[in-house]
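Visitor: Spelled out, the chains give:
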Amino acid sequence: MAAISVSALAATSLLAACSSSQNPASRAQDSTLQKVTRSGTLRVASCLTFPPFGSTDKANKPQGFDVDVAKAMAKALGVKVKIVDTTSANRIPNLRTHKVDAVVCNFTTTAERAKQVAFSDPYIVAGEVLMVKKSSAIASLKDLSGKKVAVTKGSTNGAAVKEGNPKARIQEYDTSAAAVLAVKQGQADAMVEDSNFLNYQAKLDPSLKVTKDSVVPLEYNAIGVGQGDPDWLQWINTWLREFNTSGQSAALTRSGSASSPYTR
Amino acid sequence: MFADWTYALQDWPTYLGAAWLTLKLSLAAFVLACALGLLGALARRSRHALVRAPAAVYVEVIRNTPVLLQMFVAYFALPSAGLRLSPVQAGIAALGLNVGAYLTEIFRAGIQAVPRGQSEASRVLALSPFRTFLHVVLPQALRNVYPAVINQLVQIILGSSLLSAISVPELTGTAMVINSRNLLTIQVFGIAAVLYLVLTNAVVLVAELIGRAAFKPPLRPMRPRQSVLAGLRSAARRLVLIRKEA
Chain A
0 MAAISVSALA ATSLLAACSS SQNPASRAQD STLQKVTRSG TLRVASCLTF
50 PPFGSTDKAN KPQGFDVDVA KAMAKALGVK VKIVDTTSAN RIPNLRTHKV
100 DAVVCNFTTT AERAKQVAFS DPYIVAGEVL MVKKSSAIAS LKDLSGKKVA
150 VTKGSTNGAA VKEGNPKARI QEYDTSAAAV LAVKQGQADA MVEDSNFLNY
200 QAKLDPSLKV TKDSVVPLEY NAIGVGQGDP DWLQWINTWL REFNTSGQSA
250 ALTRSGSASS PYTR
Chain B
6 MFADWTYALQ DWPTYLGAAW LTLKLSLAAF VLACALGLLG ALARRSRHAL
56 VRAPAAVYVE VIRNTPVLLQ MFVAYFALPS AGLRLSPVQA GIAALGLNVG
106 AYLTEIFRAG IQAVPRGQSE ASRVLALSPF RTFLHVVLPQ ALRNVYPAVI
156 NQLVQIILGS SLLSAISVPE LTGTAMVINS RNLLTIQVFG IAAVLYLVLT
206 NAVVLVAELI GRAAFKPPLR PMRPRQSVLA GLRSAARRLV LIRKEA
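Protein chains in written order, with the working numbering: chain A, 0 to 263; chain B, 6 to 251.
Careful: at least some of the hints might be erroneous.
As a list, the in silico SDA-like pairs of lysine to any residue whose alpha-carbon atoms are at most 25 Å apart [what the hints assert, rightly or not]:
(1) A:133 to A:115
(2) A:141 to B:149
(3) B:29 to B:72
(4) A:114 to B:202
(5) A:81 to A:133
(6) A:147 to B:28
(7) A:146 to B:77
(8) A:211 to A:176
(9) A:98 to B:198
(10) A:133 to B:28
(11) A:147 to B:21
(12) A:161 to B:17
(13) A:147 to B:20
(14) A:57 to A:28
(15) A:141 to A:159
(16) A:74 to A:246
It is worth saying that the hints were derived from the structure and are not from the lab.
Make a model of the complete structure from these sequences and hints.
Guide: Below, the structure written as structure tokens:
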């Protein structure tokens, strides 16, 4: 009798083990990781109006640091990469509607955003600084009272400026490129954006300068993916560690003007 | 679901402010467009080629380039030529200029549709050419094109959504900013769409009432005068008839 009950127990526990192992296995099948390897294409949203992170070359092909990160990721997966141009405001909608598998677009991690999407470990850090005309006297947030400040819709900068100086007049543009144009043409007195991006812009145009003071503390930018897919996130984090320790990231950083959290 | 809507509606004053700005700048652009359209139509009908040519160039250049590009020129390019307009000013100028070109053609068609005998008769009655135009031709021309002109006003209200690209905080741009903050895409753009519907329908209704009061004989109502209830009732009756036949 005892023997029967033991074997029955073993049978039920075996059954339980079977059914519980069923779920993770089927979940792994549904993971973006599997879908990407099966379809042979990795779809990545990058912002192609944000040099040196994303832009297009003369042949209209995507280029830049974020594009290179996406390419390296696809290479590690052994698939082709498809870069989808997007804007700051459309990063989260792109992920929520499964239009892309990942967002690599200077995506700053915030607790608020993490309610809607999942973030990998950071792959790059940046400060947010001001860019003004060379002749301008603006040097910090204090000087922005009553001044027109260009930011991009859906970025963290508008709120940061309002918090730092409520008297600043915010103008919100669709892309960072439009905000730069507004400063160049005198339609805005200053703009706030990622330090890597603005240093690059100021290098291109000698009539512009970047202030030394950071508007906000250091920002950590990461790869964004959809929520509820631990296998995919786990793969990206594992790959990112390899990407950094193997020196690939550092090599990209040296060739561009971006800076990685691990090389600083 | 319900909580999402109430959360999205926390920004209600912001939406309302943006809708108010949309209405104000659309009406300003419409006034500018009407003035330009009337002048343009007169110029295109002028006997002098020197007056006709610039009006023709205006219509063809504006009608054959995208309005978004015109907005960029008004806002980003004109400062290089020494003219600095605020985002709202540049927006009114670009929208007004754009729709003015379409109204030029609409007014011209309206004026052409007034029978020649009308102006000939009024000249025989010793009215000056100016008074002939003002009191005889223009009222009839306006009556001819009134629905088409109101259509253009709706086009302006909807076209103002493009002004978000030059940082005008109008309804669409404001919705995009709110959406990037609370990420309630369906709710935010749903609210904006409803506000646009309310805005355009209210404007069209007011225009229709003005049209009915201003023209003699009055314009026929733009929609058949049948209440929703009466419409449903007649639809139901038709259904019953079809069933009986079957």
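Visitor: Each hint should be assessed against the structure and marked as holding or not.
Guide: So, going through the hints one by one against the coordinates:
no., hint, in the structure
1, A:133 to A:115, "violated (40 Å)"
2, A:141 to B:149, "violated (59 Å)"
3, B:29 to B:72, "holds (19 Å)"
4, A:114 to B:202, "violated (32 Å)"
5, A:81 to A:133, "violated (39 Å)"
6, A:147 to B:28, "holds (24 Å)"
7, A:146 to B:77, "holds (22 Å)"
8, A:211 to A:176, "holds (21 Å)"
9, A:98 to B:198, "holds (23 Å)"
10, A:133 to B:28, "violated (38 Å)"
11, A:147 to B:21, "holds (23 Å)"
12, A:161 to B:17, "holds (20 Å)"
13, A:147 to B:20, "holds (22 Å)"
14, A:57 to A:28, "violated (40 Å)"
15, A:141 to A:159, "holds (13 Å)"
16, A:74 to A:246, "holds (15 Å)"
In terms of the numbered hints stated before, the structure departs from hints 1, 2, 4, 5, 10, 14, listed from lowest to highest.
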